[in-house]
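Per this note's numbering, residue 5 is the first one in the sequence shown, and the count goes up by one each step.
Calculated from the structure, these hints are not laboratory results.
We treat Cβ as the ideally placed atom computed from N, Cα and C, and that holds for glycine.
Treat the hints loosely; a few may be bogus.
[As the list claims (entries may be wrong)] Beta-carbon label-pair distances, calculated as ranges:
1) CYS81 with TRP53: 21 to 31 angstroms
2) GLY52 with SER75: 34 to 44 angstroms
3) ILE58 with ASP23: 10 to 20 angstroms
4) ARG12 with PHE79: 15 to 25 angstroms
5) TYR10 with SER75: 28 to 38 angstroms
6) GLY76 with LYS16: 15 to 25 angstroms
7) HIS32 with LEU77: 32 to 42 angstroms
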Amino acid sequence: VKDYSYHRVIWKDMDGDGDLDAVTARFHNTVEEQNFLWLENPGQAVPGWTQHVIYNQGPDVHFRNILLNSSGLPFDCFIA
5 VKDYSYHRVI WKDMDGDGDL DAVTARFHNT VEEQNFLWLE NPGQAVPGWT
55 QHVIYNQGPD VHFRNILLNS SGLPFDCFIA
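With the hints as extra help, turn the sequences into a complete structure.
Pasting the structure below:
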């Protein structure tokens with residue numbers, strides 16, 4: 005996307021459709037705007053990835069995907 009720089013990417017099926025989506029952090033070239041978001045893979049040979057902002061104003065490059073377990077239930081989480 006124009007005027008954004010992207011950092012770390014984690015490839016993960018965020019919407020359960022079988023396609024790997026991109027979870028990433030980006031900042032606007034003015035460095036005043038930072039987003040944590042995922043880009044929805046539209047599938048094979050379809051242009052355009054829908055942007056889903058998870059959190060505005062951070063994080064930057066320091067995030068990880070982890071699986072937590074509580075009372076036998078899995079929780080797929082991102083930590084920053």
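Structure-based check of all given hints:
Under the hint 21 to 31 angstroms, the C-beta atoms of CYS81 and TRP53, about 23 angstroms apart, fit the expected range. For GLY52 paired with SER75, a C-beta distance near 40 angstroms keeps the hint of 34 to 44 angstroms intact. Distance hint for ILE58 and ASP23: a CB-CB separation of about 18 angstroms, consistent with the stated range 10 to 20 angstroms. The given range of 15 to 25 angstroms is respected by ARG12 and PHE79, whose C-beta atoms sit roughly 21 angstroms from each other.
At about 36 angstroms, the CB distance of TYR10 to SER75 agrees with the hint of 28 to 38 angstroms. Checking the proposed 15 to 25 angstroms range against GLY76 and LYS16 shows it holds: the Cβ atoms sit about 22 angstroms from each other. At about 37 angstroms, the CB distance of HIS32 to LEU77 agrees with the hint of 32 to 42 angstroms.
Of the numbered hints given earlier, the model fails none.
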